[in-house]
Structure formats: structure tokens, C-alpha cells
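On the provided structure of chain A, position chain B as indicated by the hints.
Heads up: the sequence lines are chains A and B, in that order. Okay, so the first sequence: first residue is 1 according to the numbering used here, each after it adds one. Okay, so the second sequence: first residue is 1 according to the numbering used here, each after it adds one.
Honestly, the hints are just simulated from the structure, not real lab data. Hints are supplied without guarantee of correctness; some may be wrong.
Taking CB as the label site, the calculated pair distances span [unchecked claim]:
1) A:L106 with B:N181: 58 to 68 angstroms
2) B:L92 with A:E3: 46 to 56 angstroms
3) A:N22 with B:N64: 21 to 31 angstroms
4) B:K98 with A:R72: 21 to 31 angstroms
5) B:G67 with A:R102: 49 to 59 angstroms
6) A:T35 with B:K98: 23 to 33 angstroms
Fair warning: this is a prediction, and the values are worked out from it, not measured in the lab. Just so it is clear, CB atoms sit at the ideal spot from N, CA and C, and this is done for glycine as well.
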Amino acid sequence: MEEGKAYIESGILELYVLGQLNAQEQLEVQAMASTYSEVKQEMEAIEIAMEKYAVQNAVKPSLGLENRIFERLGIAVPEIQQEAKVIPLNAEVKTNYQSKIRSLRLALAACAALLVVSLAALYSAHSDLGSARDQIASLSADREKFSSTVNYMKSNNADLTKLVAMANDPDWKTIKLAGQKNPNDNMVVYWHPKGKQVMVNTTKMVLPANDKSHQYQLWALVDGKPVDLGVFDVNPDTNHILVNMKEIGTAQAFAVTLEQRGGSPTPTMEQMMVMGGV
Amino acid sequence: MAATKKISLSEEELVSKLKSQDTLAIQALYDMYSGALLGVISRVIQHTEVAEDLLQETFIKIWNSAGSYDNSKGRLFTWMMNIARNLSIDKLRSKDFKNSNKNQDIENNVDFIDAQKEVTFNADVLGVKDLVTSLKPEFRTVLEMVYFKGYTHVEAAEELSLPLGTVKTRIRMGIMELRKNFN
Numbered sequence: 001m002e003e004g005k006a007y008i009e010s011g012i013l014e015l016y017v018l019g020q021l022n023a024q025e026q027l028e029v030q031a032m033a034s035t036y037s038e039v040k041q042e043m044e045a046i047e048i049a050m051e052k053y054a055v056q057n058a059v060k061p062s063l064g065l066e067n068r069i070f071e072r073l074g075i076a077v078p079e080i081q082q083e084a085k086v087i088p089l090n091a092e093v094k095t096n097y098q099s100k101i102r103s104l105r106l107a108l109a110a111c112a113a114l115l116v117v118s119l120a121a122l123y124s125a126h127s128d129l130g131s132a133r134d135q136i137a138s139l140s141a142d143r144e145k146f147s148s149t150v151n152y153m154k155s156n157n158a159d160l161t162k163l164v165a166m167a168n169d170p171d172w173k174t175i176k177l178a179g180q181k182n183p184n185d186n187m188v189v190y191w192h193p194k195g196k197q198v199m200v201n202t203t204k205m206v207l208p209a210n211d212k213s214h215q216y217q218l219w220a221l222v223d224g225k226p227v228d229l230g231v232f233d234v235n236p237d238t239n240h241i242l243v244n245m246k247e248i249g250t251a252q253a254f255a256v257t258l259e260q261r262g263g264s265p266t267p268t269m270e271q272m273m274v275m276g277g278v
Numbered sequence: 001m002a003a004t005k006k007i008s009l010s011e012e013e014l015v016s017k018l019k020s021q022d023t024l025a026i027q028a029l030y031d032m033y034s035g036a037l038l039g040v041i042s043r044v045i046q047h048t049e050v051a052e053d054l055l056q057e058t059f060i061k062i063w064n065s066a067g068s069y070d071n072s073k074g075r076l077f078t079w080m081m082n083i084a085r086n087l088s089i090d091k092l093r094s095k096d097f098k099n100s101n102k103n104q105d106i107e108n109n110v111d112f113i114d115a116q117k118e119v120t121f122n123a124d125v126l127g128v129k130d131l132v133t134s135l136k137p138e139f140r141t142v143l144e145m146v147y148f149k150g151y152t153h154v155e156a157a158e159e160l161s162l163p164l165g166t167v168k169t170r171i172r173m174g175i176m177e178l179r180k181n182f183n
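Just chain A, same shape as in the assembly:
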């Protein structure tokens, strides 16, 4: 032990590691190291320190040197290494492209599928919209029909209510006009002398329907002279039961002539259809 420690402290191990000893001295050191484990350990510690020292003092060789050395050594390694550097890169790039192309194809297929679905949805939405529009049209037609029916019934109802009121009112006079050209023709005029109101009842009217260029004209005969009370139509589609005519306070008789549309200032006596006295 003591001998080993003294040997270590002599500094000869450092010189050994630094390659400073001659062949004879080197053999001595090797013999001591194989005899004393602490000498061997100390030697290794010095070696490791010098190794680290050298690594920390490293100078990086230029890039091509490795291949030059391996070429000189006749080792196939550099080529393998070079290939290993290149091929995986290529393969990587290739697989990169391939996977890119694959994902682009997938994206394209997805787009196409989406387009088809969208078109189908658009078509179905369009036909839904069309049928909805049809429904709306038919509903609004129904509604119009309904509302016109309601209006018709409302006015009919108002007219009927008025008729009932008129029938109960002694001031309203009912004048029946009898056919002049055709004995079957007849109609009814309601007259309120105090209120000067005159109305005709389209439901109690038997007259041939007038054409578009002619209208029936109502006249009042006042002291032998005809007074115009306005025109009215006879057609089966009329909405109103009662038609208001012009006012008149006094009259001895009422008559209706067929005149040109809009009426005439004087009655055409040949076209006298019905007449009735008060």
C-alpha cells in the first residue's frame, strides 16, 4: 500500500500517460499497475482527465475529411453511409409527396362527395320550395275565394237585413214594374219618398241580360216628364241584391229602358222594357 501511494505521488504516472517515458520506464509502470490496483485506478483517473482535456480542446475537422479517411482505409462504409444519408432522404421526400398526393386525392374525393350531397340537398330544397310556393299560391287563392265569398255574404246579409228593415218600414214603398215589350219581364223598385232614396232589387228582376254596349236605365215620371235615375246591369254574377239609384222625392211612375252604356239624356221609348205606377 505504502509503496503504491509513494509511487503515485512521484508523478511518474502522469509522465506515463503523457507518453514521456522510455520503453524501460513504461514497462516498470505497467508492472506496478498490474501489482497495485490503486496505481491502476490512479492511472485511469489521469487518463480520463487528459481525455476530457483533449475533448474540450477539440478542433472540428472539415466536412470531407471523414470520407477521405474511410476511402484511404478502403472501407465500404463511407458509401454506405453516404447512401444512408441520401436514400432515406429521397424515400422520405417520395413518401412525403406520395402521402401528400394521397391526402390531396382524399380531399378531392371528399370535395366531390360534398358537391354531390350539396346538389342533392339543393335540388330537394328547390322542389320543396316549389311545392311550398304552389301550396302558398293555392292557399292564397283559397283565401281570396273565401274572402270574396265572405264579402259577398256580408253584403248579401247587409242587403237582406236592409230588405227586412225596409219591409217593416211603412215609408218604403214597393213599386212593381210590369213588362212592356215582353209580358214576362218584371222588376221591383223600392222608393222612400221622404228620404228620396231609390233602390232596385236584382233578385226580383226578370229582364234579359244586357250586353257590354248597353245598360238598363231607370226613369222616374214626374208630372209626365221622364227624370234619369241612373243605370244598372242585369247579369247573373252580380254580388249585390240592392242597387242604389239616384234620388227622387216625387214621382208618379217608374220605367226602365234599354239604352247605350252610360245611359241617355232622354229615354228611347221603343226600348221601354218595364213600367209601373206608384
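Chain B in isolation, oriented as in the chain A frame:
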């Protein structure tokens, strides 16, 4: 990218592969130690091209004389390091190197002189300079001369006009300080 990964093996694996002439060993040695060996060579021979040629020679010698390596005599790196340094010192003292030094191109000369006067700083060595300067100057001077500049300890003693025993002591103290620093 995996192909560029540095190879690193344990000391035992390295030795057995090297002795069986497995090319993986020389690749691993290059990855692990080419910088350290070139660092040593470059301290002796500053000329970059010559230093790299010497590194090449070093690896060829390591490969070819792997059979003569005996691990009972020391670690693998110590052996490689001695090969590198001996080749460098031989080169430094050879005639053709001395001649070629005289005939250097002017631009090379400028770099060479600068390097000799330590005017330019080698970025690879900067961190080391810090470490070395942390050593006491008297230890550092001796250690650099013997480890990096190719002096024998006898030459260093003569150059520094110191007794041989003092040089030995300073080498030992310097290495002990390094060991402390590394641990």
C-alpha cells in the same frame, strides 16, 4: 436524418470491434474522438491542411495497428492520442515540413504567423482557453508544452530553465487541478 447520428460505443465495445476490424469501430472512433485528436495535432502543427492529413494518418495507423493495442497498458484514447502526437512531432521535425514551411504562400503565411503569435482566435478553442487559463499559469505553461506542443518534459525543463523535478511536480499538480475541474 438518423443516418447522420453520431455513433457512440463503450470502451469495451470499441476495443473488441476495433480488434476484429469491424468498420463500425472506426466510424465510432471518428465520431467520438476526431475533434479531440485534431485538437492535439493542431497544437503541434498549426497548418490546417497538414494537420488534417496527420489526422488521416492517425486513423489509418489506429486501424492498421489495432492488434497491437493492449488495454492493460492504458486506455484506448491514451493510445490513440500518443499515435496522433508522435505522428505530429515526427512531421514537425521532418525535413519536408521544414522546407514547405519556408515556401508557404504569402496569404497562408499571414495566417500561419498570426496563428503562431496567437493573434487570431480559433472559435473551437475559445472555451478551452477559459478552462486552461483557470489553471495556475505555471501549471498551464508546463502542461501545454508537454501535452499540446510536443515538448518532452526534459525539453520543457530546459526551455523554462527549471529543475526537472519542478517540471514533473507542476505537470502532476496541473493534472490534479484538471481532475478537480472535471469532477
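field: Hint check against the structure, violated hint numbers in rising order
entry: Per hint list: 2 and 6 violated.
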